[in-house]
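Residue numbers (the working numbering), protein chains in the order written: chain A, 3 to 164; chain B, 3 to 164.
Take the hints with a grain of salt, since some may be wrong.
No copy is singled out in the list; a pair is fine if it fits within one copy or between any two copies.
[Stated by the list, open to error] Calculated cross-link-like contacts (lysine-lysine; reagent style DSSO-like; alpha-carbon spacing at most 27 Å):
{"hint": "1", "residue 1": "Lys142", "residue 2": "Lys100"}
{"hint": "2", "residue 1": "Lys113", "residue 2": "Lys142"}
{"hint": "3", "residue 1": "Lys128", "residue 2": "Lys142"}
{"hint": "4", "residue 1": "Lys40", "residue 2": "Lys113"}
{"hint": "5", "residue 1": "Lys142", "residue 2": "Lys40"}
Hint data in this document are derived by calculation from the structure and do not stem from the laboratory.
Number of protein chains: 2
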Amino acid sequence: MESSTLVPVSQFSFLPPKPHNRTRIKRRNFFTTIQCNKMYVPGFGEASPEAKAAKHLHNFFTYIAVRIVNAQLESYNREAHAELMEFLERHSLNDGNKFCADLMRESPRHKTLALRILEVRSAYCKNDFEWDNLKRLASKMVDDHNTRLMRDYVLEVSHEES
Amino acid sequence: MESSTLVPVSQFSFLPPKPHNRTRIKRRNFFTTIQCNKMYVPGFGEASPEAKAAKHLHNFFTYIAVRIVNAQLESYNREAHAELMEFLERHSLNDGNKFCADLMRESPRHKTLALRILEVRSAYCKNDFEWDNLKRLASKMVDDHNTRLMRDYVLEVSHEES
Numbered sequence: 003m004e005s006s007t008l009v010p011v012s013q014f015s016f017l018p019p020k021p022h023n024r025t026r027i028k029r030r031n032f033f034t035t036i037q038c039n040k041m042y043v044p045g046f047g048e049a050s051p052e053a054k055a056a057k058h059l060h061n062f063f064t065y066i067a068v069r070i071v072n073a074q075l076e077s078y079n080r081e082a083h084a085e086l087m088e089f090l091e092r093h094s095l096n097d098g099n100k101f102c103a104d105l106m107r108e109s110p111r112h113k114t115l116a117l118r119i120l121e122v123r124s125a126y127c128k129n130d131f132e133w134d135n136l137k138r139l140a141s142k143m144v145d146d147h148n149t150r151l152m153r154d155y156v157l158e159v160s161h162e163e164s
Numbered sequence: 003m004e005s006s007t008l009v010p011v012s013q014f015s016f017l018p019p020k021p022h023n024r025t026r027i028k029r030r031n032f033f034t035t036i037q038c039n040k041m042y043v044p045g046f047g048e049a050s051p052e053a054k055a056a057k058h059l060h061n062f063f064t065y066i067a068v069r070i071v072n073a074q075l076e077s078y079n080r081e082a083h084a085e086l087m088e089f090l091e092r093h094s095l096n097d098g099n100k101f102c103a104d105l106m107r108e109s110p111r112h113k114t115l116a117l118r119i120l121e122v123r124s125a126y127c128k129n130d131f132e133w134d135n136l137k138r139l140a141s142k143m144v145d146d147h148n149t150r151l152m153r154d155y156v157l158e159v160s161h162e163e164s
């Protein structure tokens with residue numbers, strides 16, 4: 003697996019959060035608090051952690067779509083492949099939408115490529131990406147890392163004490 | 003929503019990918035290719051896009067757990083809240099596991115905080131995070147952005163022509 007990251011979260015602010023709207027609704031002329039068993043997650047304002055994660059998966063899907071289209075072109079359209087590679091050298095994929103918008107405006111041939119990328123990212127998100135597997139892997143990862151962190155700490159402390 | 007990003011993908015390499023193992027298995031003494039309807043995604047080697055996304059969601063969950071614990075401490079343990087805030091100023095949350103490992107070793111009081119964060123990130127991932135909602139939001143986002151990108155392009159071109 004490569005070294006790049008989906009989650010540089012250091013820029014997140016720990017300033018006082020806006021009120022969270024998940025657990026409260028306005029009903030008639032007074033506020034009623036609905037009891038919610040979920041933990042209160044501050045700092046996402048009107049959005050939600052799910053919306054934030056979706057936004058970034060959206061960029062990830064654009065990146066995947068570019069890789070898929072690029073691999074397809076390599077087999078059957080070397081010229082278009084070279085054009086896409088050249089465009090990739092000049093444009094960042096950090097913002098998937100901006101990348102597609104720029105690609106669309108580069109030339110009529112690039113526009114065709116951009117439309118193909120839009121189509122592929124939609125198909126990938128809806129049909130190919132294994133959402134259940136994502137949940138399973140993420141849960142397993144949390145368990146494995148929690149166990150490892152605690153085990154390493156205990157080993158370190160017991161080593162120091164002996 | 004805040005400005006930070008989950009997906010800086012510019013570092014991804016477009017070098018020739020390793021062979022993808024999803025569609026091929028070795029059976030007896032010869033290779034048999036299993037037909038798979040999924041699109042070929044190059045460049046993830048032995049891992050998968052799901053594993054890559056899970057890895058980064060894992061860091062996202064650590065960030066969320068830190069926010070949750072921090073908000074809880076603000077209400078009932080001002081001293082621990084101040085200690086966590088001070089630690090946050092000195093340590094990056096980019097690598098969730100490293101953050102927890104460092105927090106654990108800072109002092110016995112910090113260790114208690116770290117264990118609480120590990121517990122919360124596990125509970126959040128398994129019980130609170132709305133996985134179905136993530137899928138729904140991501141699919142909707144792809145559709146909305148694809149439509150908007152094409153509409154903007156058509157409007158721009160028709161404006162130029164008129």
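message: At most 27 Å between alpha carbons: which applies to Lys113 and Lys142, within, between, both or neither?
response: Classified as between: cross-chain Cα gap 23 Å, same-chain 41 Å, threshold 27 Å.
message: Checking an output row: Lys40 and Lys113, CA cutoff 27 Å. Within, between, both or neither?
response: Cα proximity of Lys40 and Lys113: across copies only (25 Å, versus 45 Å in one copy).
message: With identical chains, the pair Lys128 and Lys142 could be close in the same copy or across copies; at 27 Å between alpha carbons, which is it: within, between, both, or neither?
response: both (24 Å within a copy, 10 Å between copies)
- request: Check Lys142 against Lys100 for me: Cα-Cα at most 27 Å, and say if that holds within a copy, between copies, both or neither.
  value: between (34 Å within a copy, 18 Å between copies)
message: Within a copy, between copies, both or neither: which one fits Lys142 and Lys40 at a CA-CA cutoff of 27 Å?
response: Classified as both: same-chain Cα gap 21 Å, cross-chain 24 Å, threshold 27 Å.
Violated hints for the displayed structure: none, as all numbered hints are satisfied.
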